[in-house]
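Using the sequences and the hints, build the whole thing.
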Amino acid sequence: MTQFRVGIIGCGRPWKSQDASGFGMAHFHARGYTVSADTTIVALADLNL
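When you number the sequence shown by numbering that gives the first Met the number 0, it's gap-free, plus one each residue, and the end is 48.
The hints are simulated quantities; they were obtained by calculation from the structure and are not laboratory data.
Glycine included, C-beta positions come from ideal geometry on N, C-alpha and C.
Mixed in with the good hints, there may be bad ones.
[Claimed, not checked] For each label pair, taking beta carbons as the anchor points, the in silico distance ranges come out as: (1) M0 - L46: 29 to 39 Å; (2) H28 - T1: 24 to 34 Å; (3) T1 - A42: 16 to 26 Å; (4) Q17 - D37: 17 to 27 Å; (5) R4 - M24: 26 to 36 Å.
As structure tokens, this is what we get:
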């Protein structure tokens with residue numbers, strides 16, 4: 000099976016958390032990548048990190 004290495008750009012704050020400016024799409028993607036056996040999160044990028 001192919002192993003994918005993924006990066007998430009624009010992390011932001013989790014949806015409905017204090018000072019959240021969006022709906023936290025990166026957090027939903029991160030959860031999906033975490034439970035997927037063929038992906039590994041290797042990078043995160045955000046202006047505020």
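Could you check the hint for me, namely that M0 and L46 are 29 to 39 Å apart, CB to CB?
With Cβ atoms ~35 Å apart, the hint holds.
Supplied distance hint 24 to 34 Å, evaluated on CB atoms of H28 and T1
violated (19 Å)
For this session: With 17 to 27 Å as the target window, see if Q17 and D37 comply at their CB atoms.
Result: Violated, since Q17 and D37 (Cβ atoms, about 34 Å apart) do not stay within the stated range.
query = Do the Cβ positions of T1 and A42 conform to the proposed distance bound of 16 to 26 Å?
reply = holds (18 Å)
* Asked: CB of R4 to CB of M24, is that within 26 to 36 Å?
  -> Check failed, 20 Å falls outside 26 to 36 Å.
Consistency note: the structure conflicts with the earlier hints numbered 2, 4 and 5.
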